[in-house]
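K.L.:
Sequence:
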Amino acid sequence: MTRIDVHSVNTTVSGFVSTQGVANFLGIKFAEVTERFRPARPLPLASLGPAVAASQYGPRCPQPVNHGRMRRSHLYEGVTESSNTPVSEQECLRLNIYAPAGAVSARAMLPVMVWIHGGGFVFGDGNSEYDGNYLVEESGRLGKPFVFVTLNYRLGYYGFLSSSELAAEARSRGEEYHPNPGLYDQRLGLEWVRDNILLFAGDPDNVTISGQSAGAWSALSHLVSDVPLCRRGFVMSTTVISFPSDAECQEIFDQLAARTGISDSATGEEKLAALRAIPDHKMSEYSDGALLLRPAWDPKWFAGFPGRVRLDQIESLPERVDGLLIGSMKNETANIRPAWSKLSVEKIREAVGSVIPDESMKMEIVNAYGLDSHDKETVLRGIVKLTGESFFSLFSEKLGNFDSNVMVLRFDQPDTFEQSAFHGFAYHCFDLPFLCRFPAVAGEHATSDLRETTNAFTTAISRFVSGHQPWEPFHHSRKLMVLDGTRGGLVDSQENETWHRFFTTEERARCLVDTGRLLMTYKFN
Numbered sequence: 010m011t012r013i014d015v016h017s018v019n020t021t022v023s024g025f026v027s028t029q030g031v032a033n034f035l036g037i038k039f040a041e042v043t044e045r046f047r048p049a050r051p052l053p054l055a056s057l058g059p060a061v062a063a064s065q066y067g068p069r070c071p072q073p074v075n076h077g078r079m080r081r082s083h084l085y086e087g088v089t090e091s092s093n094t095p096v097s098e099q100e101c102l103r104l105n106i107y108a109p110a111g112a113v114s115a116r117a118m119l120p121v122m123v124w125i126h127g128g129g130f131v132f133g134d135g136n137s138e139y140d141g142n143y144l145v146e147e148s149g150r151l152g153k154p155f156v157f158v159t160l161n162y163r164l165g166y167y168g169f170l171s172s173s174e175l176a177a178e179a180r181s182r183g184e185e186y187h188p189n190p191g192l193y194d195q196r197l198g199l200e201w202v203r204d205n206i207l208l209f210a211g212d213p214d215n216v217t218i219s220g221q222s223a224g225a226w227s228a229l230s231h232l233v234s235d236v237p238l239c240r241r242g243f244v245m246s247t248t249v250i251s252f253p254s255d256a257e258c259q260e261i262f263d264q265l266a267a268r269t270g271i272s273d274s275a276t277g278e279e280k281l282a283a284l285r286a287i288p289d290h291k292m293s294e295y296s297d298g299a300l301l302l303r304p305a306w307d308p309k310w311f312a313g314f315p316g317r318v319r320l321d322q323i324e325s326l327p328e329r330v331d332g333l334l335i336g337s338m339k340n341e342t343a344n345i346r347p348a349w350s351k352l353s354v355e356k357i358r359e360a361v362g363s364v365i366p367d368e369s370m371k372m373e374i375v376n377a378y379g380l381d382s383h384d385k386e387t388v389l390r391g392i393v394k395l396t397g398e399s400f401f402s403l404f405s406e407k408l409g410n411f412d413s414n415v416m417v418l419r420f421d422q423p424d425t426f427e428q429s430a431f432h433g434f435a436y437h438c439f440d441l442p443f444l445c446r447f448p449a450v451a452g453e454h455a456t457s458d459l460r461e462t463t464n465a466f467t468t469a470i471s472r473f474v475s476g477h478q479p480w481e482p483f484h485h486s487r488k489l490m491v492l493d494g495t496r497g498g499l500v501d502s503q504e505n506e507t508w509h510r511f512f513t514t515e516e517r518a519r520c521l522v523d524t525g526r527l528l529m530t531y532k533f534n
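If you use this note's numbering, the sequence shown corresponds to residues 10 to 534, in order.
The hints are simulated quantities; they were obtained by calculation from the structure and are not laboratory data. The reader is advised that the hints may include incorrect statements.
Derived DSS-like pairs: lysine-lysine, alpha-carbon spacing no greater than 25 Å straight-line [stated by the list, open to error]:
#1 K371 to K356
#2 K351 to K407
#3 K532 to K371
#4 K356 to K532
#5 K532 to K291
#6 K407 to K488
#7 K339 to K488
#8 K351 to K532
#9 K339 to K385
#10 K371 to K385
#11 K356 to K385
#12 K371 to K351
#13 K339 to K351
#14 K339 to K407
#15 K385 to K532
Note that the structure is a prediction, hence the values are computed from the model and not measured.
Produce the entire structure from the sequences given, and follow the hints as far as they go.
P.N.:
Put into structure tokens, the structure is as follows:
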């Protein structure tokens, strides 16, 4: 590997050039955590000292084991597992930059794509499993080169715990309280990109914020906030989630505090001290297998919102936003089938009925999605359809209807690997190796259909990040792009999904959305 340096006034950052001809600058600290649950402190590049070694990934946030990722290991052959990376709550706020080496040497100004990883705000990182070398290499081949940036942020209780005690602590220190420090970590990363990406051949005024699942929700939250750090957005499998009430947030805090053994009558300061003393392995254990920790409502972040509206309820994008590319998977939640298939039809219906928040809508939802059937296959398909629509895919059409530059895609390419537990489905997270063009789907031994899908995906992304429309906006054409090997292409939107019949009032819509979330996070005995 060849060393490559970039120089600011007082600092030299040293990375390396990969065999793909891509400059890698890895593990650069953009902020540091000075105290658990508190806002991170930004780190200007100059504060890192005269010499910054950027040839290795940095630590990731402590987290539980991600069993879902383990079931997709066949897609990551030859890719270093992120789970092998050290963890550190204090040192995890790092980013990785991938740029064409020639552009770095020439001090070019290329478009920038910043990627926020998903994982339910519980799992994940932006390290080796989002290696940008193949993607950046191919964008150059297509004549649409760009700089790819990934970042880490605090997860789980570290990044998304909210309570009256934390708010009171901030006030006692003369500070404004901000829930969701994990989201603010992301913002600090974006601000670092704005301030420094010019050194790495990036144009700070031409940034596309992007992400998948919880990362897509995060990307949209940055896109609609009143802090203009990006020009356009690209999101896949955006989670449809309602904000928890203050009481729900407090209950999570109180339950975590109780795990420390501290008395309910303890002061807020005492409870926070106890929580800050919990070791990392216990923090992961105390998550109790949770797959999602919803961000709290933040009136400062969502200042332009009329109350606690979900992101799928926004009515337009800010005028500064050039465009949005939004997509979903054909079978988003097919990966929950194995767990549900262990239950009888009667037990499945019982479980569904137990989570529907509105008693008056139980039979309507059950009947609408075929869950009243005695045929188990029909019921399993209904579970996948209900959760897929209400927790993910309705986002694409809702935002696609904006009278603006919104392009919609659907990823139909199925998993064709015989060893896959989800063979034959285009399920949640299956698109990620295609994004990064990993060898399993884009290499010489991949099938022609997998390579075709990968190439179509890369072409769409490269064109969009470069400021071009990859196809007509949805509200003009009512067409979406399907990615499915040689079978892919523009198709008419059917717009016949079952969720439409429940979006007649806010109460009915919220009931369906919350039902989908509760089924996706259902804890089996």
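K.L.:
Which numbered conditions among the earlier hints are violated in the structure presented, ordered from lowest to highest?
P.N.:
2
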